[in-house]
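S.K.: Residues per chain are reported as follows:
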Amino acid sequence: MSLRIDQQIISDWIPDGAKVLDLGCGNGALLNHLQQRNITGYGLEIDNSKFADCIRAGISVLQADLDEGLSQFADQSFDFVILSQTLQAIKRPDFLLREIVRVGKKGIIGFPNFGHWQCRMQLALGGRMPVSRALPNAWFETPNIHLCTIQDFEQLCASHKLTVLNHSIVNHEHKDSLGVRLLPNLFGQVAVYLVQQQDNE
Amino acid sequence: MPETIPADSVGLVSPSTLHVDAPLKLDCGRTLSSYDLVYETYGELNADHSNAVLICHALSGDHHAAGYHTMEDRKPGWWDSAIGPGKAIDTNRFFVVCPNNLGGCKGSSGPNTINPDNGELYGPDFPIVTVPDWVRSQAVLADKLGIKQWAAVIGGSLGGMQALQWAISLPERVRHTVIIAAAPKLSAQNIAFNEVARTAIKSDPDFHDGHYMRFNTLPRQGLGLARMLGHITYLSDEAMGQKFGRELRSGAIQYGYDVEFQIESYLRYQSTSFVERFDANTYLLMTKALDYFDPAKEFDDDLTRTVAHIEAKALVMSFTSDWRFSPMRSREIVNAMLAAGKPVTYAEIEAHQGHDAFLMPIPRYLDIFGTYMRQIATEVTA
Numbered sequence: 177m178s179l180r181i182d183q184q185i186i187s188d189w190i191p192d193g194a195k196v197l198d199l200g201c202g203n204g205a206l207l208n209h210l211q212q213r214n215i216t217g218y219g220l221e222i223d224n225s226k227f228a229d230c231i232r233a234g235i236s237v238l239q240a241d242l243d244e245g246l247s248q249f250a251d252q253s254f255d256f257v258i259l260s261q262t263l264q265a266i267k268r269p270d271f272l273l274r275e276i277v278r279v280g281k282k283g284i285i286g287f288p289n290f291g292h293w294q295c296r297m298q299l300a301l302g303g304r305m306p307v308s309r310a311l312p313n314a315w316f317e318t319p320n321i322h323l324c325t326i327q328d329f330e331q332l333c334a335s336h337k338l339t340v341l342n343h344s345i346v347n348h349e350h351k352d353s354l355g356v357r358l359l360p361n362l363f364g365q366v367a368v369y370l371v372q373q374q375d376n377e
Numbered sequence: 278m279p280e281t282i283p284a285d286s287v288g289l290v291s292p293s294t295l296h297v298d299a300p301l302k303l304d305c306g307r308t309l310s311s312y313d314l315v316y317e318t319y320g321e322l323n324a325d326h327s328n329a330v331l332i333c334h335a336l337s338g339d340h341h342a343a344g345y346h347t348m349e350d351r352k353p354g355w356w357d358s359a360i361g362p363g364k365a366i367d368t369n370r371f372f373v374v375c376p377n378n379l380g381g382c383k384g385s386s387g388p389n390t391i392n393p394d395n396g397e398l399y400g401p402d403f404p405i406v407t408v409p410d411w412v413r414s415q416a417v418l419a420d421k422l423g424i425k426q427w428a429a430v431i432g433g434s435l436g437g438m439q440a441l442q443w444a445i446s447l448p449e450r451v452r453h454t455v456i457i458a459a460a461p462k463l464s465a466q467n468i469a470f471n472e473v474a475r476t477a478i479k480s481d482p483d484f485h486d487g488h489y490m491r492f493n494t495l496p497r498q499g500l501g502l503a504r505m506l507g508h509i510t511y512l513s514d515e516a517m518g519q520k521f522g523r524e525l526r527s528g529a530i531q532y533g534y535d536v537e538f539q540i541e542s543y544l545r546y547q548s549t550s551f552v553e554r555f556d557a558n559t560y561l562l563m564t565k566a567l568d569y570f571d572p573a574k575e576f577d578d579d580l581t582r583t584v585a586h587i588e589a590k591a592l593v594m595s596f597t598s599d600w601r602f603s604p605m606r607s608r609e610i611v612n613a614m615l616a617a618g619k620p621v622t623y624a625e626i627e628a629h630q631g632h633d634a635f636l637m638p639i640p641r642y643l644d645i646f647g648t649y650m651r652q653i654a655t656e657v658t659a
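Chains as they are written, first to last, in the numbering used here: chain H, 177 to 377; chain E, 278 to 659.
Excised from the complex, chain H in its bound form:
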């Protein structure tokens, strides 16, 4: 199973032997990859069709609705709680973000950047809701109900007193582009943040 670009970044940030929780773990590719480095944990997935994929990937997977929070997990019971490409489909991203840093010593959140210039152009010039590779659904059928830009996300972290320990903003090709480095909120397609509750420092 191959990893998406955001999953490659996340994998690089997690040290061998860590204990992780992957929220919305999809087909289990990331956890399967991490297991080879003695990184253990659980995936949470609600989608029926992806659930069997997770079992085939040999990971421990739990059927759970992230909108209900993570009450089954104790405070600080994981080294990392991962939420990758799922934040935008959550009913209350702010609530889940608090849950992530409650349950995890560190949280890793990856999301599609709605501030990317192509999104802005589609809305500003085309007058239509943006449809892109990261956000392929039309507005009326999309599960992505809470889209945000990189600036929006950083503001949410600040208002919840989360420290950003690391972040990586890339485009799908993962090309090192000058544009992404200079104006990430305009040229970055995928953002990944490593955060921590300020009291945890």
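Wrong hints could be hidden among the right ones.
[What the hints assert, rightly or not] Simulated restraints, written as ranges between beta carbons of each label pair:
#: 1; chain 1: H; residue 1: 192; chain 2: E; residue 2: 308; range: 48 to 54 Å
#: 2; chain 1: E; residue 1: 508; chain 2: H; residue 2: 212; range: 46 to 52 Å
#: 3; chain 1: E; residue 1: 518; chain 2: H; residue 2: 296; range: 51 to 57 Å
Honestly, the hints are just simulated from the structure, not real lab data.
Every residue, glycine too, gets a C-beta built ideally from N, C-alpha and C.
With chain H held as given, fit chain E onto it using these hints.
M.R.: Showing chain E alone in chain H's frame:
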């Protein structure tokens, strides 16, 4: 009756009997000096004996889990939907063992068998056995079959409780535990239903304090009532509504007390067919084993500490419409496993069939079940 045996059936099978002469000390303090265990097996044990799977049956189940005994059988074994070549529990890969529990009434030592100590029928004097007792007796069977570790111990309902108990009692002997539609212990409501069933049996004038065989009779009324009540708790309101609704047998209300609604007719059929095939003393015993099941009791009622001993990986499954052992009860097991940091996979299956769903060919259920079993097969090179 199968005209021809279906390709995905284990086919014609026959039970075996293990006679054990070594005494078995029971939780109740009594000892069985010797006992019989009747069991069936399907599939082939592989060279390193690593592909064996133990099936644990529920309250009214037995050792005949799959296939047919004769070509005249009306129905296959009770879990034929899940056991067979190419099925979720694939007999091309696994060696499947299903014993009749001690205290049962289908051939293993129980109330309807002869007490070897005095040559008389046990009847109500058969000691009450517990879920841990069953695990101990099944471990003797495993030894006899040359199975050091089960690739999986699998069960639904009371069978799921046995699968959990196996992983707790003998951690090194269980590679995977598959716990379906179960609970870590019974609730007061669960015990209350069991007590109504027991009262129905015991208050039947033909019960004779459990010695009905001496009087050449059966507590048909009482056991039938117990089965009717049980059956209501195995189905969901929705499933009953879909199957029977308010349909009348004769099409019109008769203003009388005879059977009028189809559901009444169905319950009566269930009860009369059950009393012919099941022993009342066994029914009492099985409900007691359910009531007493509480593995956390030994660990200060701390389920997390209880499951901390488990070495097996667990698959836990529940069904949305099951109100006898609801998904919440399965999640208690799952959450304890999570708190103990144990590998566990949990699926909540959308199903309207109620508790009985675990016996039904529900596509998503069997898909997840089968995928998990195939994953086990790759581990044990089955």
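S.K.: Does each hint fit the structure? Answer for all of them.
M.R.: Going down the list of hints, with the structure as the test:
1. A hinted range of 48 to 54 Å holds for the C-beta pair residue 192(H) and residue 308(E), which are about 52 Å apart.
2. Taking 46 to 52 Å as the suggested C-beta distance range, the pair residue 508(E) and residue 212(H) conforms, at roughly 49 Å.
3. One distance hint, 51 to 57 Å for the beta-carbon pair residue 518(E) and residue 296(H), holds here, with the actual separation near 53 Å.
Of the hints listed earlier, there is not a single one the structure fails to meet.
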